[in-house]
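With the hints as constraints, model all of the structure from the sequences given.
Here is what each chain is made of, one letter per residue.
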Amino acid sequence: MTTTSAPALDVEGLCVDLSTPSGTVRAVDGVSFSVRHGRTLALLGESGCGKSMTALSVVGLLDPTASVTGGAVRVRGKDTLRLSPAERRKLAGPVLSIVFQDALTALNPVQPVGRQIGEPFRIHRGLSRRQAEEKAIELMTRVGIPEPRQRAKSYPHQFSGGMRQRLLIAMAVALDPDVLIADEPTTALDVTVQAQIMRLLRDLQDERDMAVVLITHDLAVVAQRADDVVVMYAGTVVEQGTVHDVFTSPRHPYTRGLLDSVPEDAERGRPLPAVPGSPPELSAVPPGCVFQARCPLVRERCVRERPSLRSAGDGRSAACHFSEELDRA
Amino acid sequence: MVTFLRKRILSSAIPLVCVVLGVFFLARMTGDPVDLYLPLSATAEQRAEFSAAQGFDLSIPAQLWNYLVDAVHLDFGTSLRTGQSATEMVLDAFPVTLQLAGVTMLLAITGAVLIGSLAAYRPNSLVDRIASLLSMTAASIPDFWFAVMGVLVFGVSLAWLPTSGTLGGPEVWVLPVATLLIRPFGVLVQVVRGSMVSALSAPYVKIARSKGATPRRVIFGHALRNAVTPVLTVAGDLTVGLVNGAVIVETIFGWPGIGKLMIDSILQRDFAVLQAAVLLTAVTIFALNILVDVCHALTDPRVRQAVPA
Ligand SMILES: Nc1ncnc2c1ncn2[C@@H]1O[C@H](COP(=O)(O)OP(=O)(O)OP(=O)(O)O)[C@@H](O)[C@H]1O
Ligand code: SF4
Ligand SMILES: [Mg+2]
Numbered sequence: 005m006t007t008t009s010a011p012a013l014d015v016e017g018l019c020v021d022l023s024t025p026s027g028t029v030r031a032v033d034g035v036s037f038s039v040r041h042g043r044t045l046a047l048l049g050e051s052g053c054g055k056s057m058t059a060l061s062v063v064g065l066l067d068p069t070a071s072v073t074g075g076a077v078r079v080r081g082k083d084t085l086r087l088s089p090a091e092r093r094k095l096a097g098p099v100l101s102i103v104f105q106d107a108l109t110a111l112n113p114v115q116p117v118g119r120q121i122g123e124p125f126r127i128h129r130g131l132s133r134r135q136a137e138e139k140a141i142e143l144m145t146r147v148g149i150p151e152p153r154q155r156a157k158s159y160p161h162q163f164s165g166g167m168r169q170r171l172l173i174a175m176a177v178a179l180d181p182d183v184l185i186a187d188e189p190t191t192a193l194d195v196t197v198q199a200q201i202m203r204l205l206r207d208l209q210d211e212r213d214m215a216v217v218l219i220t221h222d223l224a225v226v227a228q229r230a231d232d233v234v235v236m237y238a239g240t241v242v243e244q245g246t247v248h249d250v251f252t253s254p255r256h257p258y259t260r261g262l263l264d265s266v267p268e269d270a271e272r273g274r275p276l277p278a279v280p281g282s283p284p285e286l287s288a289v290p291p292g293c294v295f296q297a298r299c300p301l302v303r304e305r306c307v308r309e310r311p312s313l314r315s316a317g318d319g320r321s322a323a324c325h326f327s328e329e330l331d332r333a
Numbered sequence: 009m010v011t012f013l014r015k016r017i018l019s020s021a022i023p024l025v026c027v028v029l030g031v032f033f034l035a036r037m038t039g040d041p042v043d044l045y046l047p048l049s050a051t052a053e054q055r056a057e058f059s060a061a062q063g064f065d066l067s068i069p070a071q072l073w074n075y076l077v078d079a080v081h082l083d084f085g086t087s088l089r090t091g092q093s094a095t096e097m098v099l100d101a102f103p104v105t106l107q108l109a110g111v112t113m114l115l116a117i118t119g120a121v122l123i124g125s126l127a128a129y130r131p132n133s134l135v136d137r138i139a140s141l142l143s144m145t146a147a148s149i150p151d152f153w154f155a156v157m158g159v160l161v162f163g164v165s166l167a168w169l170p171t172s173g174t175l176g177g178p179e180v181w182v183l184p185v186a187t188l189l190i191r192p193f194g195v196l197v198q199v200v201r202g203s204m205v206s207a208l209s210a211p212y213v214k215i216a217r218s219k220g221a222t223p224r225r226v227i228f229g230h231a232l233r234n235a236v237t238p239v240l241t242v243a244g245d246l247t248v249g250l251v252n253g254a255v256i257v258e259t260i261f262g263w264p265g266i267g268k269l270m271i272d273s274i275l276q277r278d279f280a281v282l283q284a285a286v287l288l289t290a291v292t293i294f295a296l297n298i299l300v301d302v303c304h305a306l307t308d309p310r311v312r313q314a315v316p317a
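Heads up: the protein sequence lines correspond to chains E and V, in order.
Counting from 5, one number per residue, gives the positions in the first sequence under the working numbering.
Counting from 9, one number per residue, gives the positions in the second sequence under the working numbering.
Honestly, the hints are just simulated from the structure, not real lab data.
This one's a predicted model, so the numbers in the text were calculated from it and none came from an experiment.
Don't take each hint at face value.
Derived lysine to aspartate or glutamate pairs resembling DMTMM-like cross-links, with alpha carbons at most 25 Å apart [unchecked claim]:
1) Lys94(E) - Asp14(E)
2) Lys214(V) - Glu50(E)
3) Lys214(V) - Glu16(E)
Written out as structure tokens, the structure reads:
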């Protein structure tokens, strides 16, 4: 166990710029967080706040229109942003791995799944096609695919949504990565299947001591599943801390808004509850606080000065000038 | 796969029968088919004699029956020019065109896949822009102009390449193949580029990269086979279009292929040969379409399983 040593993943001051037809906009602005082996960090925030962009920068899979313009992404003591493409590829699979939301499009439609799941072994371990297929069958067994030997020859469209997500997870954990990023791994699935997939992820994480970054809209999943949470808004981190601290006493009006709008009998699988209003366009993020347009506590200082993410006691932090007031509220 | 093939062949039998019938009625629609077969200078006796010999004096259903029986035996009459069997002449010319078209499409597809994929890997890069410019130019150059310029520059001024004939080393292939190649190549580079750009932005390509796949593995192992469907369709159409190109190229460079045979038989009103050439070309096009469908099925498991009932 490495709980006392360096984190498995350490992201610091990550900035991502997007080039759009109407100019460059900043989609991720100074995002920092770190995750230790065996722990789960949730990235929470409404649609378009930059969660996937952050995840893709960490694994080096941004589209050509987006580029990392600052910060560091450290794994195993190395800043992956400073590595050559070939050095980065060496980390892709054995160190960093990712699972997407839509497993149908994330699996290659014209390749048998066994081949896709065995591919990491071909790339990183130099196994033959046969050996890689054997490994794939082992993994398929592990993630609960019935009749894995026969099914290895099937194509993605011949599996159900839940099974496809299992296949994608099998592929992602093939080489025992240090860090697994799961970008909304269950959003496309129905509720019972969601629970099974979360269970599988949990078991695999425990078994392999992986650090997991879980991206989700689902507060219930965060509450149940994550150790720490990073709340994002308009490309920035507005609050960060342990799930327990943040959920019991939020220090940012946005987080509180999210929590307040959950009905008592909230079920899992619900989309993120609505806070009135909508986030700013990336091209028109105001100079002061990013949340000012929707904040019930907004006042003159918020418009003038952007709050920085500052400590709010016991290893947690929030980006609000008046976070202490929330404590009392 | 066998079921797929059988269904595909059956479903193209009907249009093929239509072409066979079409040729029959076309020959008779414009009046007496004797006009088509015999030179204008033929005397009335010659015409009557020919008409009787060919069975044109029989009723239309009887003629149709004879025509179909002959067609099944691949007998389309004899050439007016040479007295040879039309079928034989066509079958002699066919391999010439087939080789020319085959070599052309092989080169065009290979080249387009390489260049189009490289261009697509980094959209708007220098490679991409050069490839786009070249392919756009290539796709819009008229082939007869290119052939004439090729002959003038490389054949006449520089005298590097032969300007006609099929005898000699590989150099006799250069100008004809280049002429035929240029447009399909240009078009295919653009199609490959387009479908590769969309394949490369698909989530499964991101996932492949997340496994540490090299660019080569990503392009050729994952994206290309997904991008191939539109490329195959267009390549099939372009191959059919080569029949037009073959007429020009074979005439300019003096290659004894189907294209030249058709032009010659049109110019000399050699209807029997023309009819055989048209039918063989039609059969080839149908076969080609089946081939394209088979390729679709081979590259995409979803097509394989979705055989229309
Ligand atoms: N390829 C792209 N080109 C242009 N803009 C993009 C691209 N990808 C994302 N964006 C924009 O960048 C911002 C951040 O997007 P991102 O996908 O990270 O959001 P998200 O938090 O993952 O949202 P969701 O919950 O909907 O997945 C959004 O405003 C989005 O519109
Ligand atoms: S800084 Fe002001 S506007 Fe921003 S969240 Fe805090 S109170 Fe609201
Ligand atoms: Mg997202």
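Results of checking the hints against the structure:
1. Lys94(E) - Asp14(E): 18 Å, holds
2. Lys214(V) - Glu50(E): 23 Å, holds
3. Lys214(V) - Glu16(E): 23 Å, holds
Comparing the model with each earlier hint shows no violations; every hint is respected.
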